[in-house]
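S.K.: Assemble the complex: chain A is given as a structure, and chain B must be docked to it using the hints.
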Amino acid sequence: GQNIDQPTEMTATEGAIVQINCTYQTSGFNGLFWYQQHAGEAPTFLSYNVLDGLEEKGRFSSFLSRSKGYSYLLLKELQMKDSASYLCAVPLGNAGNMLTFGGGTRLMVKP
Amino acid sequence: DSGVTQTPKHLITATGQRVTLRCSPRSGDLSVYWYQQSLDQGLQFLIQYYNGEERAKGNILERFSAQQFPDLHSELNLSSLELGDSALYFCASSVRGQEGLEQFFGPGTRLTVL
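Top line first, the protein sequences correspond to chains A and B. When we follow my numbering, the leftmost residue of the first sequence carries the number 39, and every step to the right adds one. When we follow my numbering, the leftmost residue of the second sequence carries the number 0, and every step to the right adds one.
In isolation and in its complexed conformation, chain A is listed as follows (with noise of 0.2 angstroms):
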């Protein structure tokens, strides 16, 4: 079965970095996404990782270790726009594309 964590909150201050981590157990690995999700919306593709580094996006980066079964949600410069829930998801990599998610971690930005 699919097992992931990751920190139910958070807290940063505006214009700092900000970490978001995220652990899994899976019994096969086909690469790891992040979503965000503002308050009453839709989730919104963020990164997929399926190797071991970093994968840069303009202020966002995701770090993936396959042996580690550990990844992170780098934030740079944070916006006040910023605030909103970080999800980690895996697909089950069974027949189809389903995704297992973590239960988010929800990013307080403060001035």
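If you are wondering where the hints come from, they were derived from the structure by calculation, not from laboratory data.
A short, non-exhaustive set of chain A residues, derived as facing chain B with CB atoms under 7 angstroms: (1) 80; (2) 81; (3) 83; (4) 135; (5) 136; (6) 139; (7) 141.
Here are the simulated DMTMM-like cross-link-like pairs (lysine to aspartate or glutamate), alpha carbons at most 20 angstroms apart as the crow flies: (8) 148/A - 120/A; (9) 95/A - 101/B; (10) 119/A - 79/A; (11) 119/A - 0/B; (12) 95/A - 120/A; (13) 8/B - 79/A; (14) 106/A - 93/A; (15) 148/A - 52/A; (16) 114/A - 93/A.
Values in this document were obtained by computation on a predicted structure and should not be read as measured data. Every residue gets a Cβ at the ideal spot worked out from N, C-alpha and C, and that includes glycine.
M.R.: Just chain B, lined up with the frame of chain A:
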């Protein structure tokens, strides 16, 4: 705007009733996924369709069913509704059904069962 549309946006109904949620995937996407998001359960995968065929099933109750039509839109039917079915229901789509493909989520349908 992801290009995925869902109707209705809000739905309020009573226990024991039946409702149908509708989803239109992005143009060209063949695969549709349904997810349920409740406060205590997070985002849970329900079912996936690919080009009209059921591809994968998650934690979907027997009271729930879905289908994907020839024009690729999908409907999720929820029957004998219970208070605990109150949740946000999201539809997502991707070009194909394989792993590693970004899923685009619709705006969701908020279901309230009274």
